[in-house]
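Protein chains in written order, with numbering that gives the first Met the number 0: chain A, 0 to 139; chain B, 0 to 139; chain C, 0 to 434; chain D, 0 to 434.
Calculated directly from the structure, the hints in this document are not laboratory data. Treat the numbers as computed from the prediction; the structure is a model and nothing was measured. It is possible that part of the hints are untrue.
To be verified - Keeping only pairs whose Cα atoms sit at most 30 Å apart, straight-line, the calculated DSSO-like set for lysine-lysine is:
#1 C:Lys3 / D:Lys119
#2 C:Lys384 / D:Lys329
#3 A:Lys13 / C:Lys134
#4 B:Lys28 / A:Lys28
#5 B:Lys104 / D:Lys346
#6 D:Lys119 / D:Lys36
#7 C:Lys329 / D:Lys3
#8 C:Lys329 / D:Lys327
#9 C:Lys327 / D:Lys36
#10 C:Lys346 / A:Lys104
#11 C:Lys3 / D:Lys384
#12 D:Lys384 / B:Lys60
#13 D:Lys96 / D:Lys3
#14 D:Lys36 / C:Lys329
#15 B:Lys66 / B:Lys28
#16 D:Lys96 / C:Lys327
#17 D:Lys384 / C:Lys327
#18 D:Lys96 / C:Lys384
#19 C:Lys96 / C:Lys235
#20 D:Lys235 / C:Lys36
#21 B:Lys66 / A:Lys7
#22 C:Lys96 / C:Lys134
#23 B:Lys60 / B:Lys93
#24 A:Lys7 / B:Lys7
#25 C:Lys119 / C:Lys346
#26 D:Lys119 / D:Lys324
#27 B:Lys66 / B:Lys7
Okay, here's what each chain looks like letter by letter:
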Amino acid sequence: MKETDIRKYAELMKELGLTGLEITEENSKIRLERSVSVPAKETVYSVPESVGDTQTASEPKDYISVKSPLVGVFYAAPAENADPYVSIGDRVAKGQTLCIVEAMKLMNEITAEVDGVISEICVTNGQIVEYGTELFHIKR
Amino acid sequence: MKETDIRKYAELMKELGLTGLEITEENSKIRLERSVSVPAKETVYSVPESVGDTQTASEPKDYISVKSPLVGVFYAAPAENADPYVSIGDRVAKGQTLCIVEAMKLMNEITAEVDGVISEICVTNGQIVEYGTELFHIKR
Amino acid sequence: MFSKILIANRGEIAVRIIRACKEMGVATVAVYSEADKNALHVALADQSYCIGGPEASESYLNENQIISTAILAGAQAIHPGYGFLSENAHFARACRKNGLVFIGPDPESMERLSDKAILKELIRGTGLSVIPGTKAVASAEEARRAAEIIGYPVMLKPCAGGGGRGIRLIRSEDEVNDAYYQAIGEAVSSFGDGSVYLEKYIFPARHVELQILADEHGNAVCLGDRDCSLQRRNQKLLEETPSPAVDDEQRAQIMELAVEAVKQIRYVGAGTLEFLLDREGNFWFMEMNIRLQVEHCVTEMLTGIDLVKWQIRIAAGIPLDFSQKDIKIKGSAIECRINAGSCGTLKMLHVPGGPSVRFDTYLVVGTVVSPYYDSLLGKLIVYAKTREETLRKMRASLCELVIDGIPTNIEEQLRIVEDERFTSGNYDLTFMGNR
Amino acid sequence: MFSKILIANRGEIAVRIIRACKEMGVATVAVYSEADKNALHVALADQSYCIGGPEASESYLNENQIISTAILAGAQAIHPGYGFLSENAHFARACRKNGLVFIGPDPESMERLSDKAILKELIRGTGLSVIPGTKAVASAEEARRAAEIIGYPVMLKPCAGGGGRGIRLIRSEDEVNDAYYQAIGEAVSSFGDGSVYLEKYIFPARHVELQILADEHGNAVCLGDRDCSLQRRNQKLLEETPSPAVDDEQRAQIMELAVEAVKQIRYVGAGTLEFLLDREGNFWFMEMNIRLQVEHCVTEMLTGIDLVKWQIRIAAGIPLDFSQKDIKIKGSAIECRINAGSCGTLKMLHVPGGPSVRFDTYLVVGTVVSPYYDSLLGKLIVYAKTREETLRKMRASLCELVIDGIPTNIEEQLRIVEDERFTSGNYDLTFMGNR
């Protein structure tokens, strides 16, 4: 396929407002795609940073996210001077306590939903977390 | 694949509101796609019809437009029962009177800017025309 | 005064409250569900916290999460808006237990006033007329005797009911028996509680309500009336103040009685007394709303008094700085509720403007109307010196309003505003084909 | 009353006037240049006519085209807005000759009042103080003698001047000679007319103006003052009413004098008397604007009176239906002019809302700001019961306003509104670094 042909087809698509063009002739095949005019969505009201990254949801992940089920304060350890429940690289078993999220004086233990290895701790001790805030990544 | 064929198919898609078209014939195959989604600009506050067609400006034209230089009433003839200054098919010479646009009791004669043949009369006798309203097409 | 308030609501009312706080120099905390993470109220507040999933029960009705967020964020008070937790005495009590001010009446008042029987008893003692009726009637015979005293037509209503469901009309004595057993059956199947009571049927009637502000210091002021007769299936569509059916003398009278009643029951906060107005000009008390109403804005446009700010000030113990004689009922204000016909994403918004035109909305380009919450997109409110001019202004504003990407009821509102029954002011609850 | 009005203007003021007409039940005719064919005022009017090319001289200043369009469209009156033909006596006369009502004063008044010397003479006779000064001075010696009488510092101004150009400050006698010859030279080169006059230099000063409405029947009312001291190079940026520099007693006094003056000169229509206010509280009359001002909206927000509607009613011969005692100066209103920094196309607009927030604009998504006309995109006006609250409201509204795609001065307005000199009310014409 000659570059000039591709150029010709691309120009044609633009002129005719096409988003896709596929031509199969004898033993050659060409397929072109383009996206038209910027969609309206990009002019959207800016989203505050606290909202978090929505894109990650759609990307394939090789880990399980542990998210906070409530608004509260994240504690990595059971008491101030105690060792943290888990550290990066630790192997955890389903049901094992990973941290505490305190809300209204109640200590809510967050447990692992699967067996695996802690690959990331996403928050820091004492931080306020929202509903849905990622706390840990667990690799199976 | 011939350019004219692609054009023909694209036009057809537009007319029929199609987003995809695939044709397999003997040993050739063509597939076209377009997105119908109205581009953002078209959702803009609707422009009143009187504004006129903005697209004509960008299309190549094989004629000269005679436009009204003022707001007024278009008269095709010098008096009520008189013959019109020009009719379709008439050959006109540069400087020849084509019509009158009346404003504030003043009869403004509109003259041809080029020699040619009247190919279209775009308005009707007695109609109110704006600045820029197309009155005649003249083919050279 | 509070330095930080949490707004336990979403949509246009959350935006309205946040703006009021900004104007008062009060910091704001928004809470939101996962469905609302791009919402305007989230972007406008000083701080925002996601508190749960899209279902209201997981988020905007999640008492613990909201209180916990308020404590963590350092808010001193919670404004519940309307709907959701605004009439929930349990929540108000939980706020108090956690050292937070609930912006609304105290939980004891809420409980007292939410019991219809107690409320009617209270109001009957104040000089206002309550719709004649009974408590639960135990038999068809008891219903017949009561109807005799009240006078036909009467209605049988389920004690546990709401939203206009399960109501039966009885026009004469021979209809009592059948109606009674049908009503009981329906009440059991609808609400799991077969008790029914009898009430005088007032028809044709208008829905007219009075706006009240009362502070802790015993001051109470009535900010005029609102005519909310334009309803479809008990949902208000359009409201106006003053009611074209009430003359100045009547209005002065009922306003005075209302202020007296509110003082007697020692109510504190913003509140609304709802009445049915019959053809003879009698106001029959129906119920009291102990929160901000959706349609509070028409009263604001007419009187120039900011009801949301006063709700907050009253909750902070600040006395009203105006009295009844400062309230001038002059001109006319109308609100059209702009509702979504179905879900969608806002592509473009054009809002009408100019003097005394207001559009309270949460819409910004990209806003997604989801199926989780109510359909109210915004409220178009206009004011002018005469009702005639207000009508023209509303027509022009409705014509100018463009909401692209979401089906709305703008066309329907235009038809209402142009309807001869509405323009003449001569309409009642039957307008939209209601009984 | 008129049944159809042509609006000989564009931008936000054309939109404002069209909306007022709709609310009055008056049909509207828009005229527009080729550059404005997609403009909001064109879309809103009942009829729209393209009258010429983008240059104002071909369109919005094209008297014949505008009058001819009015006749063809069947309009009875022409509203000129501000700028363009609004102060053009020739145009007003042409309207009259063609049986059209020019919404503004009659051409004779316009001519009389546009001659500064005549106007000052007229005003001097009414009890108001005019800035002390001379007519054209023929020599440096004459200038020196006049300056002696007026008292230094004085200013030399070109008789043919305007917009603050060619003005020289003289602080003492020894500066007179040089200044005189420099001023003459500059006047010749700038305006082709070398005549100059002398005026007392009032410094530091505030620009305070009074809004007047006067009808054909001899009624005149003053709608309070506006402080327009926040200017950059004689361009107003922000206006407020009432002026924080004027106390109630002073205000009552100057308003009374202004009404008296307007009656004496038999002015009819909406008008503005402009003053310099010195540190001692003296009002020095500068000039009179015989049209609607850009900043008329702050007066509307404060008084609740629609100036555009009254302009139209006055032109139709309708007498004012209110009097001076009905005008209550209560609360505080501020306007921020939102200007474009350069050309652009509007991608997205988010307008702040809520009670007493108004944004008068011609912007809709897709609007192109072209280089042909002024840079005013819109006017953000807010009102509240106290100046403090109005300031907070303006800050919140400026923060919320989003104009995407066109560079604006929103950030600069925010800095002004937060500047201690402005918040304290203690500012004058030097605020933006002016002399």
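Cross-check of the supplied hints:
{"no.": "1", "hint": "C:Lys3 / D:Lys119", "result": "violated (55 Å)"}
{"no.": "2", "hint": "C:Lys384 / D:Lys329", "result": "holds (18 Å)"}
{"no.": "3", "hint": "A:Lys13 / C:Lys134", "result": "violated (75 Å)"}
{"no.": "4", "hint": "B:Lys28 / A:Lys28", "result": "holds (9 Å)"}
{"no.": "5", "hint": "B:Lys104 / D:Lys346", "result": "violated (45 Å)"}
{"no.": "6", "hint": "D:Lys119 / D:Lys36", "result": "violated (42 Å)"}
{"no.": "7", "hint": "C:Lys329 / D:Lys3", "result": "holds (29 Å)"}
{"no.": "8", "hint": "C:Lys329 / D:Lys327", "result": "holds (14 Å)"}
{"no.": "9", "hint": "C:Lys327 / D:Lys36", "result": "violated (44 Å)"}
{"no.": "10", "hint": "C:Lys346 / A:Lys104", "result": "violated (45 Å)"}
{"no.": "11", "hint": "C:Lys3 / D:Lys384", "result": "holds (22 Å)"}
{"no.": "12", "hint": "D:Lys384 / B:Lys60", "result": "violated (63 Å)"}
{"no.": "13", "hint": "D:Lys96 / D:Lys3", "result": "holds (18 Å)"}
{"no.": "14", "hint": "D:Lys36 / C:Lys329", "result": "violated (40 Å)"}
{"no.": "15", "hint": "B:Lys66 / B:Lys28", "result": "violated (48 Å)"}
{"no.": "16", "hint": "D:Lys96 / C:Lys327", "result": "violated (46 Å)"}
{"no.": "17", "hint": "D:Lys384 / C:Lys327", "result": "holds (16 Å)"}
{"no.": "18", "hint": "D:Lys96 / C:Lys384", "result": "violated (35 Å)"}
{"no.": "19", "hint": "C:Lys96 / C:Lys235", "result": "violated (35 Å)"}
{"no.": "20", "hint": "D:Lys235 / C:Lys36", "result": "violated (40 Å)"}
{"no.": "21", "hint": "B:Lys66 / A:Lys7", "result": "violated (37 Å)"}
{"no.": "22", "hint": "C:Lys96 / C:Lys134", "result": "violated (34 Å)"}
{"no.": "23", "hint": "B:Lys60 / B:Lys93", "result": "holds (19 Å)"}
{"no.": "24", "hint": "A:Lys7 / B:Lys7", "result": "holds (16 Å)"}
{"no.": "25", "hint": "C:Lys119 / C:Lys346", "result": "violated (48 Å)"}
{"no.": "26", "hint": "D:Lys119 / D:Lys324", "result": "holds (29 Å)"}
{"no.": "27", "hint": "B:Lys66 / B:Lys7", "result": "violated (33 Å)"}
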